[in-house]
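Enquirer: Each chain is listed here by its residues.
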Amino acid sequence: MESITVEATKSSPFILIDPAGHLIQIKGESYPENAAKFYGPVLSSINEYFKSSESSEVTVEIHLSYFNSSSSKVLFNLFESVDIAVSDGKDVVINWCYHPENETVFEAGEEFSDEFSSLRFNFVERS
Amino acid sequence: MIQFNVHEFYVDLNQKGIIFCFSGPISQNVIEGIGGTLRQKMEIEDTDLNTSQKVFSIFVEQMQNIVNYSADRLMPEDLREGEIRIGVLIVGKEDGHFYVLCGNKISHQTSETIRPQLEILSKMDKDQMKQLYRERRKMSVHTDEKGAGLGFIDMARKATSPIEFDFCPVDSRFVFFTIKAII
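These protein sequences, in sequence, are chains F and W.
Each residue of the first sequence is one higher than the one before, counting from 1 in the numbering used here.
Each residue of the second sequence is one higher than the one before, counting from 1001 in the numbering used here.
The following block holds chain W by itself, in its conformation from the complex:
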């Protein structure tokens, strides 16, 4: 007997307008594969090129954040490439707008770093975001870091409404971080 009712799950996802749902190990290969399929789907449905570019872009930034920063990792810590980390991805459509939602475990320390960044961003207008993006891009010199620390600002600039986020305590070590961008 299958314990998990897959049909119910499928119907539920459909009713909620969820186009894509993935939970598990995420690597660069997964990003390239799902990203390619997502683009194809939007192309088949004649989604306007600017919209599909923004959806793809936000998808890549969120997924690469999981690969770079999720506290749930399968590979040794000093790895610079070939990383696999655990996370959840949901791409859906509500009220005619695409959204990309990701979730993953992070440390309390990481949540203390990113929460204020996201709070500041949510109060900014597009011009302020552009300024911040430029300043950050100019300043960042961490050539050894995988990301440039520009991901959240880039997502916020491409989203049509402020980025939504949530930090849900898991235990003494971890927080479950969720981020949602509407395009």
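Just chain F, with the same shape it has in the complex:
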């Protein structure tokens, strides 16, 4: 699978799916007008990547400074995909990056890690 890059806009994040580097990255802000439509193709590519990837460790890096409630639904769907990949034997780690003063983002990450207790979440401070 080729690597995929989506450039950031004011209300949507930079996205990278890099099969060679075993890395999925979502970075920036996320409040597009239609989150389901914006992320639909991205989630399909991520699912395709998980299906085709070898079992080496994959890093999913989420570094969002703000995301709206419909993006939160999308992240939920993403972690469901990761959950399926993990139960298929894939080794996936989620790096949840947050600004040290940004409690909202940190707490949202904690809630996801609570809810997806079988997934490996690392909490990474980034200013």
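Calculated directly from the structure, the hints in this document are not laboratory data.
Treat the hints loosely; a few may be bogus.
Claimed, not checked - Taking lysine-lysine pairs in the BS3-like style, the calculated list, with each CA pair at most 30 angstroms apart, reads: (1) Lys-90/F to Lys-10/F; (2) Lys-10/F to Lys-1180/W; (3) Lys-27/F to Lys-1158/W; (4) Lys-1093/W to Lys-1123/W; (5) Lys-1093/W to Lys-37/F; (6) Lys-1016/W to Lys-37/F; (7) Lys-1123/W to Lys-10/F; (8) Lys-10/F to Lys-1130/W; (9) Lys-27/F to Lys-1123/W; (10) Lys-1041/W to Lys-1158/W; (11) Lys-37/F to Lys-51/F; (12) Lys-51/F to Lys-1138/W; (13) Lys-1130/W to Lys-27/F; (14) Lys-1138/W to Lys-90/F; (15) Lys-1158/W to Lys-1123/W; (16) Lys-90/F to Lys-51/F; (17) Lys-1123/W to Lys-51/F; (18) Lys-1158/W to Lys-37/F; (19) Lys-27/F to Lys-1126/W; (20) Lys-10/F to Lys-1138/W; (21) Lys-27/F to Lys-1041/W.
Following the hints, put chain W in place on chain F, whose structure we already have.
Expert: Positioned in the frame of chain F, the structure of chain W alone reads:
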């Protein structure tokens, strides 16, 4: 002769502690523009990052509700993006707290759907809201819908007091819906 006394309006807004006031067509571009300026203003005034994040977040949820659900629309009905709909936004400060207030026309049918949701939310504590948010996020599968139906719960969780709302009948078709969240 200008009929509308803009200076009086300006003084009135200032006296009421209103920081931002907008009435008219709202699109994603307007949300990004006003939202950016609002953040800058709060940053210049050294507003604590958590407060400014919450104000911005509630602002986005309310404005996107207008773009998604206002009954006052300029664009054809089957549009999935590039929507423009009419609404009012007010951001202000009272008793040291920011608030975000939005108003727009909705159908009677919509008001019957959202009124009970808001009434239930106003009686919940933060833990119950968290539970509801999680359940709703897990259940919602409407991938074609623009929103995830989580907006009101998200606002209520970030507000410091219960969300205030009002439904004012306009005519046989419409109700004017107002929502206010204090941060």
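Enquirer: Hints first: check each against the structure and report whether it holds.
Expert: Against the structure, the hints come out as follows:
1. Lys-90/F to Lys-10/F: Given that 30 angstroms is the threshold and the Cα spacing comes to 34 angstroms, the pair is violated.
2. Lys-10/F to Lys-1180/W: 26 angstroms, holds
3. Lys-27/F to Lys-1158/W: 23 angstroms, holds
4. Lys-1093/W to Lys-1123/W: 24 angstroms, holds
5. Lys-1093/W to Lys-37/F: Judged against 30 angstroms, a Cα distance of about 35 angstroms means the pair is violated.
6. Lys-1016/W to Lys-37/F: 40 angstroms, violated
7. Lys-1123/W to Lys-10/F: 36 angstroms, violated
8. Lys-10/F to Lys-1130/W: 28 angstroms, holds
9. Lys-27/F to Lys-1123/W: 36 angstroms, violated
10. Lys-1041/W to Lys-1158/W: Within the cut-off at roughly 20 angstroms; holds.
11. Lys-37/F to Lys-51/F: 22 angstroms, holds
12. Lys-51/F to Lys-1138/W: Between Lys-51/F and Lys-1138/W the Cα gap is close to 23 angstroms, so the pair holds against 30 angstroms.
13. Lys-1130/W to Lys-27/F: 25 angstroms, holds
14. Lys-1138/W to Lys-90/F: Holds, at about 23 angstroms.
15. Lys-1158/W to Lys-1123/W: Cα-Cα ~15 angstroms, so holds.
16. Lys-90/F to Lys-51/F: 9 angstroms, holds
17. Lys-1123/W to Lys-51/F: Distance ~45 angstroms between Lys-1123/W and Lys-51/F Cα, so the pair is violated.
18. Lys-1158/W to Lys-37/F: 26 angstroms, holds
19. Lys-27/F to Lys-1126/W: At roughly 29 angstroms apart (the allowed maximum being 30 angstroms), Lys-1126/W and Lys-27/F satisfy the hint.
20. Lys-10/F to Lys-1138/W: 28 angstroms, holds
21. Lys-27/F to Lys-1041/W: Between Lys-27/F and Lys-1041/W the Cα gap is close to 24 angstroms, so the pair holds against 30 angstroms.
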